[in-house]
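Q: Below, each chain spelled out in residue letters.
There are 2 protein chains.
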Amino acid sequence: MAITDSATTNLVSVEPGAIREDTPAGSVIQYSDYALDTSSRFAGGAAWIEGEYVPASEARISIFDTGFGHSDLTYTVAHVWHGNIFRLGDHLDRLLDGARKLRLPSPLTKEELASIAKRCVALSQLRESYVNITLTRGFGARKGEKDLSKLTTQVYVYAIPYLWAFPPHEQIFGTSAIVPRHVRRAGRNTIDPTVKNYQWGDLTAASFEAKDRGVRTAILLDADGCVAEGPGFNVVIVKDGRLVSPSRNALPGITRRTVFEIAKAMGIDADLRDVTSQELYDADELIAVTTAGGVTPITSLDGAPVADGTPGSVTVALRDRFWALMDEPSPLVEAIDY
Amino acid sequence: MAITDSATTNLVSVEPGAIREDTPAGSVIQYSDYALDTSSRFAGGAAWIEGEYVPASEARISIFDTGFGHSDLTYTVAHVWHGNIFRLGDHLDRLLDGARKLRLPSPLTKEELASIAKRCVALSQLRESYVNITLTRGFGARKGEKDLSKLTTQVYVYAIPYLWAFPPHEQIFGTSAIVPRHVRRAGRNTIDPTVKNYQWGDLTAASFEAKDRGVRTAILLDADGCVAEGPGFNVVIVKDGRLVSPSRNALPGITRRTVFEIAKAMGIDADLRDVTSQELYDADELIAVTTAGGVTPITSLDGAPVADGTPGSVTVALRDRFWALMDEPSPLVEAIDY
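So the sequences go chain by chain: A and B.
Letter by letter, the first sequence follows residues 14 to 351 of the numbering used here.
Letter by letter, the second sequence follows residues 14 to 351 of the numbering used here.
Some hints here could point you the wrong way.
The list that follows gives simulated cross-link-like pairs (lysine to any residue, SDA-like), each with its CA atoms no further than 25 Å apart [what the hints assert, rightly or not]:
id	chain 1	residue 1	chain 2	residue 2
1	A	LYS224	B	THR165
2	B	LYS163	A	HIS182
3	A	LYS163	B	PRO68
4	A	LYS252	A	ASP225
5	B	LYS163	A	VAL192
6	A	LYS252	A	LYS163
7	B	LYS224	B	THR323
8	A	LYS163	B	GLU141
9	B	LYS252	B	PRO342
10	A	LYS224	B	LEU115
11	A	LYS114	A	THR207
12	B	LYS224	A	ALA154
13	B	LYS114	B	ARG286
14	A	LYS163	B	PRO181
15	A	LYS224	B	MET279
These aren't lab readings, by the way, just hints derived from the structure by calculation.
One chain only, chain A, in its complex shape (with noise of 0.2 Å):
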């Protein structure tokens, strides 16, 4: 059966209530002419759960897995735009690198996670999506079993619809943001923000916080006062024509990069580094970067404008290039084969 690209198609080539059952716990399902079908039960969203795909409305774990009872698991987002997934390789490379910092090996190798993550997509049929990958230390034998050594690892994988960290409008008219009185991002010797992870608490209590205060976000200091991140995305300042964005305490962040690859190649500076509190609020520019929601111009800061309080130059020409290259052939995209 011919594989198609059109999200109009509608043919059925397996009958999709088979799927679950007839498959083996822990194998990868290679189907190569399973087609779209929008009464598919996998339209809108697809799952890979114990070696299944199920439904994303059937996506269940186990209560006893660690990766909720200890949220001892690592993750990453990569997403779906106009039927291309972006920098799925890379994505996988920092989960698989920080899974070894955790002394998690995966059961799955880097091919083997992309087959998996892409034929969620294909199933959901979805051409804008939100790719999870997760890899949980898992569960025992035992209920409640909490010993390391006894744990297997578990991956779960899931396509949905593309999420918006910030609603689409304020990526083009700008975003508001505080920096927290009350809280501040748990530092590297502690819960390791450079290895993608669950444990919120600060980014919750922060997004309260901002809240309370009647704004979108927050960008949270570390201990010494530099800052770190917000809750799911990289801070990037743009200072007299440079950006520079945090070397601690903050995730290595996969839209970070491709807005310092894009800024390279349009000849500005882009420094990782230590940033401190002082260089916000001095900023020209700043901008809040994610795979959920691409480059945001952060124009209000505690209450006040930033510069002029319009998105920058710099900002809107990092944010436009960042969406061309979703539709531009690169080694950066891949055509989903639904």
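Add chain B to chain A, keeping to what the hints say.
A: Leaving out everything else, chain B in the frame of chain A:
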């Protein structure tokens, strides 16, 4: 039908299989004449998930619950010993206090939570049980929803066989600990350790370091070099016949409270205050206290014996009195209505 109090009795009053289907989501089940049945599908572990009682082996949660996806939750663990549940009310008071700090309102009252917890134990038929009650920020109508204002709090409860944080023989003969070289406990201005949580990145890293250095567990310091806590336990120091335990960056443990009450009843002073690393190494006796394991002497620190390397007399007296409390009628214990 008579209520029995023997785990060997085998009476069936309700078809267990009927319970799941007949239970409206969100309701609290009350059925007083459900009695022991060793062939019950709940025997050995029971859970309450999204308003339904299910066997623990079937206890699964949505992958989109932000309790998983942002570890946005608080929980407590109470224990059942010889058919009595210990200090359930105190556990629930602390749980609800933590939930308030997280701005995570419980959809159920303290009394409803207590009823569900005890029912899980009764269904499990366990006379010694580890009873977990968790409140998560939950999930929204949209898959992957993370907007705090669009999430519905979830309650998860389960009763499973009692888990030992330390093997029982170590509670008698002593266990071993290190102070980690590479990780500190997250401070309360980041992820507040006084709200019981699963954000265990620092504790898990410490556990790996302990394993690498050939010992059971770890005692973490905070960023200021003060004693915080260990993975799943409070630290109590005995010096010159007095107890001290950290007031900062440590959970206000229910077992620790019990040990302090026991000490005071024995005429032993017990104080919560800042405890320096110097005091840790200069201790006469070191004790790990936790619901999942009671009162365990730490007889080795960083490879050297604590005092003479055997359980100290204060520790032994506290441990024995602690376990005796489980069988004595008092406001602290409540018999499970099996």
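Q: Each hint needs a verdict: does it hold in this structure or not?
A: Here is what the structure says about each hint:
Taking the CA atoms of LYS224(A) and THR165(B), the gap is near 18 Å; set against the 25 Å cutoff, the hint holds. This hinted pair checks out: LYS163(B) and HIS182(A) have alpha carbons roughly 20 Å apart, not beyond 25 Å. About 22 Å separates the Cα atoms of LYS163(A) and PRO68(B), which keeps this hinted pair within 25 Å; it holds. Restraint check for LYS252(A) and ASP225(A): the C-alpha separation of about 29 Å exceeds 25 Å, so the hint is violated.
The hinted pair formed by LYS163(B) and VAL192(A) meets the criterion: a straight-line CA distance of about 24 Å does not exceed 25 Å. Among the hinted pairs, LYS252(A) with LYS163(A) is inconsistent with the structure: their alpha-carbon atoms are about 51 Å apart, more than 25 Å. With a C-alpha separation of about 21 Å, the suggested pair LYS224(B) and THR323(B) falls inside the 25 Å cut-off, and the hint holds. For the given pair, LYS163(A) sits about 22 Å from GLU141(B) by alpha-carbon distance, which is consistent with the 25 Å threshold.
Distance restraint check for LYS252(B) and PRO342(B): the Cα-Cα separation of roughly 32 Å exceeds the 25 Å cut-off, and the hinted pair is therefore not satisfied. Simply put, LYS224(A) and LEU115(B) have alpha-carbon atoms about 14 Å apart, close enough for the 25 Å limit, and the pair holds. Straight-line distance between C-alpha atoms of LYS114(A) and THR207(A) comes to about 10 Å, which keeps the hinted pair within the 25 Å bound. Taking the CA atoms of LYS224(B) and ALA154(A), the gap is about 21 Å. The hint holds against a cut of 25 Å.
Distance restraint check for LYS114(B) and ARG286(B): the Cα-Cα separation of roughly 22 Å lies within the 25 Å cut-off, and the hinted pair is therefore satisfied. Taking the CA atoms of LYS163(A) and PRO181(B), the gap is near 18 Å; set against the 25 Å cutoff, the hint holds. Proposed proximity of LYS224(A) and MET279(B) is contradicted: the alpha carbons are some 50 Å apart, above 25 Å.
The earlier numbered hints that this structure contradicts are 4, 6, 9, 15.
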